[in-house]
Each structure stands twice: as structure tokens, then as C-alpha cells.
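There are 2 protein chains.
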Amino acid sequence: MSEHVRQNAPFRWEGIEVKPYKAEGTHFSGITRQVLFTGGDGLGCELRYFEVAAGGWSSLERHQHAHAVMIVRGRARVLVGDRLLEARTHDLVRVPPLTWHQFQTWGDEPLGFLCVVDCDRDVPERPDAEALAALRRHPEVAAFIRT
Amino acid sequence: MSEHVRQNAPFRWEGIEVKPYKAEGTHFSGITRQVLFTGGDGLGCELRYFEVAAGGWSSLERHQHAHAVMIVRGRARVLVGDRLLEARTHDLVRVPPLTWHQFQTWGDEPLGFLCVVDCDRDVPERPDAEALAALRRHPEVAAFIRT
Chain A
1 MSEHVRQNAP
11 FRWEGIEVKP
21 YKAEGTHFSG
31 ITRQVLFTGG
41 DGLGCELRYF
51 EVAAGGWSSL
61 ERHQHAHAVM
71 IVRGRARVLV
81 GDRLLEARTH
91 DLVRVPPLTW
101 HQFQTWGDEP
111 LGFLCVVDCD
121 RDVPERPDAE
131 ALAALRRHPE
141 VAAFIRT
Chain B
1 MSEHVRQNAP
11 FRWEGIEVKP
21 YKAEGTHFSG
31 ITRQVLFTGG
41 DGLGCELRYF
51 EVAAGGWSSL
61 ERHQHAHAVM
71 IVRGRARVLV
81 GDRLLEARTH
91 DLVRVPPLTW
101 HQFQTWGDEP
111 LGFLCVVDCD
121 RDVPERPDAE
131 ALAALRRHPE
141 VAAFIRT
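These protein sequence lines map, in sequence, to chains A and B. With the first letter of the first sequence counted as 1, position 85 gets the number 85 in my numbering; the numbers rise by one all the way through. With the first letter of the second sequence counted as 1, position 68 gets the number 68 in my numbering; the numbers rise by one all the way through.
Some hints could be false.
To be verified - Selected chain A positions facing chain B (in silico; Cβ < 8 Å):
#1 Val35
#2 Leu36
#3 Val93
#4 Val116
Stated by the list, open to error - Per the computed footprint, the stretches of chain A lying under chain B, defined by three or more beta-carbons under 8 Å from a beta-carbon of chain B, are:
#5 75-83
#6 95-104
These are calculated hints, taken from the structure and not from any lab test. Small disclaimer: the values here were computed from a predicted structure and weren't measured. All residues carry an ideal CB built from backbone N, CA and C; glycine is no exception.
Turn these sequences into a full structure, and let the hints steer you where they fit.
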């Protein structure tokens, strides 16, 4: 990338493509991905910006790598493990290894968040029937999750 | 850290200390550091927030590791190599390896920026007389840098 990349519309950057969140699937909704910094050349991690339209959600998943997240637009309801968090603009959310997580919008605004991950990371795993049953033992979590 | 850290005042977070930028020195001015995410436990990098009071500046330095920066408060004038950039809120700045760089405020507002770095990184180097002379061959750079 160039040394300087300008924001040219709110949460859009010159030359940075607004990509599908994942290649395909029905286990997420209304979410896009922009890779703000790729790794390599002295950097072992990536900074991504995800945006979720009102009513949308990210995939319910877990993996060995951690997520370091800062909300930068709107508000989020977030599942981390069996905890439901309500996070506002500039709040920080850390998703530890092998912890089920899902981001959803909270309120009528789009939700935008930055997420730092290592370049070298494992592939996300989605919950099987047993894992879903375990999550659904918590009534609040059962009412929250989208699969 | 906890899974959820709230912003409890603009660009201040509960339980996250506002630290000196560096231990000591006169080669920087009016700048603080907050470590938003430390590495470890599935994350090989750190996310830091730096804030520069109006008229302040970061150290003029270079190192092998890269910086991935997003301006999140105010505006910056930034030296990257022999280029001077003018960056606004949400603009991105990448500092490649072994590239001299310095951040200064631009205008009367404080400047706040996020910076992602690898946990495992080398110590910054400051310019010696020869490096300074080379930088000062560019009149615009000579007028900009603070040492």
C-alpha cells in the first residue's frame, strides 16, 4: 500500500475494496470487510474494518487466534463465550482463543469495528449440534445467536 | 484484559493507564501512550493509542518493524521517509521498515492515532548527525523535523 491512504467517504478508503465478509454462506448477514493494512514487510498482523448493516450479524465461530476489536461506528451486541456484551463506539472487545463469538448491531445504526489479527492464523470453526446445544443452555445466549 | 473495556471519557478507557510516551527524553513533546491490546494468548501484536497535544510531536526515529497507523482524533502532519503527509481523522499511514518518521499535530486540536506493531520488534534508532544532514537536504523536511 501507499504510505498514506485517505478516507474518501465515511469509513471508506481510497483504493481499498469493500469486500464480501466471507466467500459464501447464510450464517452471516449484512456485513462487509475492508483490509486496511495487510501484513508483511515488518508487520505480522492485519488490520481489518468490518461493517454490519442494521439488523446484521457476523458468523458465530471460534478459532485458536485471538481478535482485538475496537468499535468505531455505532454500537454492538457481542457474544464472547457465554457472555453478552453491549459495546459502544470506541469500546474495546477482546475475543480469546477458542471462544465462541458473534457481533450484531445494537440499535438502528450500522456497526463498524476494527479487528486486529495475526497474519498466520487458523481457520474459523462453526458450532456443531453439540456446541450449539451447550450455548443454548443459556437462555439469553439462545435468544441472541443467529446461525 | 477483560473481554470488554469501555471508553469512559473521550479516548480514555477504564483500567488502561495513560503512560508517558517514552521513559525520558527531550526529543518528543506533549505525547502520551495507552496500550489498548497487549499481545500474547493468540495475538502476536499490540494496539496502542497515542495522543499528541496541540504543538506536540513524536520522536524522529526509524526501526526494522513497520507501523500501521489510523488517525482517530484530529489531524496530523507526518514525515515518512522524505515525504511530508497531511492526514485527517480516519486516514491510514503506513511506516515501512527502516524509514524515518515523525508525527506532529496539524492545527489546534489534539492528535490521536492508533498504531499496530508486532510484539516482537526491534528498538527504535534516532538519527545521527549524518542522517540528520541527509534529511535536512530537503528544505520542507528541514523545516518540519523536531529533534
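Taking the hints in turn, this is what the structure says about them:
1. Val35: violated (11 Å)
2. Leu36: holds (6 Å)
3. Val93: holds (6 Å)
4. Val116: Constraint on A/Val116 satisfied, holds at 6 Å.
5. 75-83: Satisfied; 4 residues make the cut.
6. 95-104: With 3 residues in contact (Cβ-Cβ under 8 Å with chain B), the coverage given for the region 95-104 of chain A holds.
In the structure shown, a violation is registered for the earlier hint numbered 1 alone.
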